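Protein chains: 2
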Amino acid sequence: MAERILIVEDEPDLVSILEYSLTKEGFEVAFAHTGTEGLRMAQTSPPDLLLLDVMLPDISGIEVCKQLRAADSSKGLPIIMMTARGEEVDRVVGFEVGADDYVVKPLSVRELILRVRAVLRRRSAKPVEPELVKFGRLRIDQAGHRVWVDDNEVVFTALEFRLLTTLVERRGRVQTRDTLLHDVWGVAPGLTTRTVDTHVRRLRKKLGQAATYVQTLRGVGYRFNSEVPEGSVEGELA
Amino acid sequence: MAERILIVEDEPDLVSILEYSLTKEGFEVAFAHTGTEGLRMAQTSPPDLLLLDVMLPDISGIEVCKQLRAADSSKGLPIIMMTARGEEVDRVVGFEVGADDYVVKPLSVRELILRVRAVLRRRSAKPVEPELVKFGRLRIDQAGHRVWVDDNEVVFTALEFRLLTTLVERRGRVQTRDTLLHDVWGVAPGLTTRTVDTHVRRLRKKLGQAATYVQTLRGVGYRFNSEVPEGSVEGELA
DNA sequence: CAACTTGCGACATTGTTGTGACATGGCTGT
DNA sequence: ACAGCCATGTCACAACAATGTCGCAAGTTG
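Residue numbers (this note's numbering), protein chains in the order written: chain A, 650 to 887; chain B, 650 to 887.
If you're looking for bench data, these hints aren't it; they were derived computationally from the structure. Just so you know, not all the hints are guaranteed correct.
One copy or two, either will do: identical chains are not told apart, so a pair holds if it fits within one copy or between any two.
[Unchecked claim] Subject to a maximum C-alpha distance of 20 Å in a straight line, what follows is the list of computed SDA-like cross-link-like pairs (lysine to any residue):
| hint | residue 1 | residue 2 |
| --- | --- | --- |
| 1 | LYS783 | GLN858 |
| 2 | LYS715 | GLU760 |
| 3 | LYS855 | TRP797 |
| 4 | LYS855 | VAL869 |
| 5 | LYS715 | ARG770 |
| 6 | LYS715 | HIS682 |
| 7 | LYS715 | ARG766 |
| 8 | LYS724 | LEU763 |
| 9 | LYS783 | TRP797 |
| 10 | LYS855 | GLY835 |
| 11 | LYS754 | ARG764 |
| 12 | LYS783 | GLY821 |
| 13 | LYS673 | GLU760 |
| 14 | LYS724 | GLU760 |
| 15 | LYS724 | ASP750 |
| 16 | LYS754 | ARG770 |
Values in this document were obtained by computation on a predicted structure and should not be read as measured data.
Kindly produce the complete structure, drawing on both the sequences and the hints.
Rendered as structure tokens:
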């Protein structure tokens, strides 16, 4: 499965160069043209890697990076920053900002790709899973295997928990029944049972108020949607 | 005041690179070339941080790390492991081995320094596990190998005590049977015996009233939960 | 040798999970 | 607009798997 890269860059020329190069290398790319948009996309549909320009029309890439590092759910996201000058590099990759790597503009595509690969490789070996994930009224403790909805603990069975975390990890992306059957149940796809539906139902039932996060896409599959418009706003970012 | 780093590495080239780089960054460095030597030096003259190669001529870095973690005096020592492959990383930074971080060889000096700084910063803020732990009606004296429930001393066998402290140290986090088998019994996981269950049972029996702290998570493992509500039973949903 | 510890098999018990039957509701082509 | 179809929701239950429980025998210690 192709790795997903989110590019946050406002300069159209550079955007098309990046799109072309990275797509050619087999990556799947998405774009944001402002810092705010990038921030939102990175949270709601986390990519495998974020390519982030420092200079953006609204909030700076540095700020974007800091905010992502501050939130539990995006703490482990691999980030490569693009900067025009070599000066700020220390800050950027240092702990103040916390990018994984950087490239200097004007950039060499070949080098960029090498660095992308390197960062992905490094990260893939590392437990990326944050211990604690929060979404609005939902709170998940991976290590402790616990879930809260509006601060009330809800007990899930092992399977339910796996299904939930799988959906949450891939939030914003639709998961087909086959995908879920494979990744959660570990069985070959192609079955036509009510297994997935039944368990989604159990999830929803236990989730109570938070059930709206789990959406059905008729004819496609299920999706965990963290930007439910339900009046209340995301508690994540200030 | 310069922070002291002990480097355990047998490859001379790498040693000189590390010496050069870390010294330049203002650290004070010491070296050991074998696992045994490193172990001894770490115990007799504890550095602020240990940089430990996995592959060593005598005992493996993993073993060194485990032994340091097992001893009370070196339990809190910050350790960064250097490994040639990304594979073992999970074990290395996981509870089994317990390194604070790792770097993959061939290593980027820049990255290494960042990680060293990060680990040092993280550790400096963190107090070490106290010898005496108390939870509600439970009191454990690590050093004295004694346990009290409601002020009545309960005698545990060596194995039981080890199981209990392992669970307590990792309180709040689920421990799978395999994890426990490995960390408490030191055997390879994958067995299907009633060993763990039996001993959990013995624990619970001896714990009496405090048995509620040890929770079973069906399909996952066991968890020591320190936030059990006293009188009331686990009230799932109000 | 006696007391104790420990691992494991056998069986009991309990919670979890898959499944088929049926209900419901949205989509499509006419 | 309508009928029919197909995807999904819902439910109850039996099979199954995980865990609790117990006792015994082998190993250990002093």
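#### Entry: Violations among the numbered hints, reported as their numbers in ascending order
10
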